[in-house]
Amino acid sequence: SQQGEEDPQALSIQEGENATMNCSYKTSINNLQWYRQNSGRGLVHLILIRSNEREKHSGRLRVTLDTSKKSSSLLITASRAADTASYFCATDHTGRRALTFGSGTRLQVQP
Amino acid sequence: NAGVTQTPKFQVLKTGQSMTLQCAQDMNHNSMYWYRQDPGMGLRLIYYSASEGTTDKGEVPNGYNVSRLNKREFSLRLESAAPSQTSVYFCASSEADRETQYFGPGTRLLVL
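Here the protein sequences come in this chain order: A and B. For the first sequence, the numbering used here begins at 97 and goes up steadily by one. For the second sequence, the numbering used here begins at 0 and goes up steadily by one.
The hints are simulated quantities; they were obtained by calculation from the structure and are not laboratory data. Just to be clear, a hint being listed does not mean it is correct.
[Claimed, not checked] If you only want the chain B side, here are some residues facing chain A, beta carbon under 10 Å, derived:
#: 1; residue: 36
#: 2; residue: 57
#: 3; residue: 96
#: 4; residue: 99
[Said to hold, decoys possible] Across the chosen pairs, the derived CB separations fall in these ranges:
#: 5; chain 1: A; residue 1: 163; chain 2: B; residue 2: 2; range: 30 to 38 Å
#: 6; chain 1: B; residue 1: 7; chain 2: A; residue 2: 146; range: 34 to 42 Å
#: 7; chain 1: B; residue 1: 55; chain 2: A; residue 2: 111; range: 37 to 45 Å
#: 8; chain 1: A; residue 1: 148; chain 2: B; residue 2: 82; range: 22 to 30 Å
#: 9; chain 1: A; residue 1: 103; chain 2: B; residue 2: 82; range: 44 to 52 Å
#: 10; chain 1: A; residue 1: 123; chain 2: B; residue 2: 51; range: 27 to 35 Å
#: 11; chain 1: A; residue 1: 153; chain 2: B; residue 2: 13; range: 45 to 53 Å
#: 12; chain 1: A; residue 1: 146; chain 2: B; residue 2: 39; range: 29 to 37 Å
#: 13; chain 1: B; residue 1: 98; chain 2: A; residue 2: 123; range: 14 to 22 Å
#: 14; chain 1: B; residue 1: 7; chain 2: A; residue 2: 140; range: 34 to 42 Å
Keep in mind that this is a model prediction, so the values were computed, not measured. Note that beta-carbon positions come from the ideal geometry of N, C-alpha and C, so glycine has one too.
Make a model of the complete structure from these sequences and hints.
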């Protein structure tokens with residue numbers, strides 16, 4: 097399967113700490129996206145990084161992409177209780193017309 | 000703008016019954032998608048439509064049919080529901096293939 101795999105599956109941290117989650121994939125990509133899903137809701141797009149980019153920032157989010165290792169990481173700095181959600185990576189693979197979503201990392205931020 | 004809307008929000012079916020899940024978007028997007036999400040799992044693509052008038056199978060199309068009625072609307076039909084189709088169904092749209100997707104709130108389906 098070309099599906100991205102997030103690591104860890106679950107993460108629990110204290111408010112104010114940084115949260116890092118990783119995504120690995122198997123075949124070459126055109127871009128990689130990160131989405132957030134609050135419990136019982138639809139997914140919300142966070143950030144897109146293209147295969148020729150190595151790092152992108154958006155507010156408290158920092159995404160890195162290492163195409164040689166076929167992996168990406170999402171860093172949330174100074175986490176807040178409101179960041180509690182599941183985070184999914186989605187990969188755009190050459191030759192496929194739709195994104196492939198991973199199984200997600202469940203982040204719990206304790207106040 | 001409402002974004003992506005889905006109806007119904009929740010549905011209970013008996014095995015063998017049929018139903019249609021409705022999805023509409025008001026962002027003038029070309030591409031639309033149907034996913035299912037089972038507990039603790041990611042999204043699996045059922046069908047997608049890259050543009051008005053075209054539909055393609057995704058990862059798990061068996062037991063489903065779709066209609067891209069016009070640019071705004073993309074419906075998902077279960078002809079004969081099975082308990083294995085109990086899931087949360089999400090519709091999404093994007094301006095073009097593989098670009099940022101915008102998701103609806105989901106439809107929770109329980110098949111008894």
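Hint check results:
Here the hint on residue 36 (chain B) is kept, as its CB sits about 9 Å from the closest CB of chain A, short of 10 Å. Interface hint at residue 57 (chain B): satisfied, since its Cβ lies 6 Å from the closest Cβ of chain A, which is below the 10 Å cut-off. Look at residue 96 (chain B): its Cβ gets to within about 5 Å of chain A, closer than 10 Å, so that hint holds up. The interface hint given for residue 99 (chain B) is met, as the beta carbon of that residue sits about 5 Å from the closest beta carbon of chain A, less than 10 Å.
Under the hint 30 to 38 Å, the C-beta atoms of residue 163 (chain A) and residue 2 (chain B), about 32 Å apart, fit the expected range. Checked against the hint of 34 to 42 Å, the pair residue 7 (chain B) and residue 146 (chain A) passes, with Cβ atoms roughly 38 Å apart. Between residue 55 (chain B) and residue 111 (chain A) the Cβ separation comes to about 44 Å, which falls inside the hinted range of 37 to 45 Å. At roughly 46 Å, the beta-carbon separation of residue 148 (chain A) and residue 82 (chain B) lies outside the given 22 to 30 Å, and the hint is violated.
For residue 103 (chain A) and residue 82 (chain B), the hinted distance range of 44 to 52 Å is not satisfied, since their beta carbons lie about 32 Å from each other. In this structure the supplied range 27 to 35 Å holds for residue 123 (chain A) paired with residue 51 (chain B), their Cβ-Cβ distance being about 30 Å. The hinted range of 45 to 53 Å is satisfied by residue 153 (chain A) and residue 13 (chain B), whose Cβ atoms lie roughly 51 Å apart. Residue 146 (chain A) and residue 39 (chain B) have their C-beta atoms about 30 Å apart, which keeps the hinted 29 to 37 Å range intact.
Roughly 19 Å separates the CB atoms of residue 98 (chain B) and residue 123 (chain A), a value that falls within the hinted 14 to 22 Å. With their beta carbons about 22 Å apart, residue 7 (chain B) and residue 140 (chain A) fall outside the hinted range of 34 to 42 Å.
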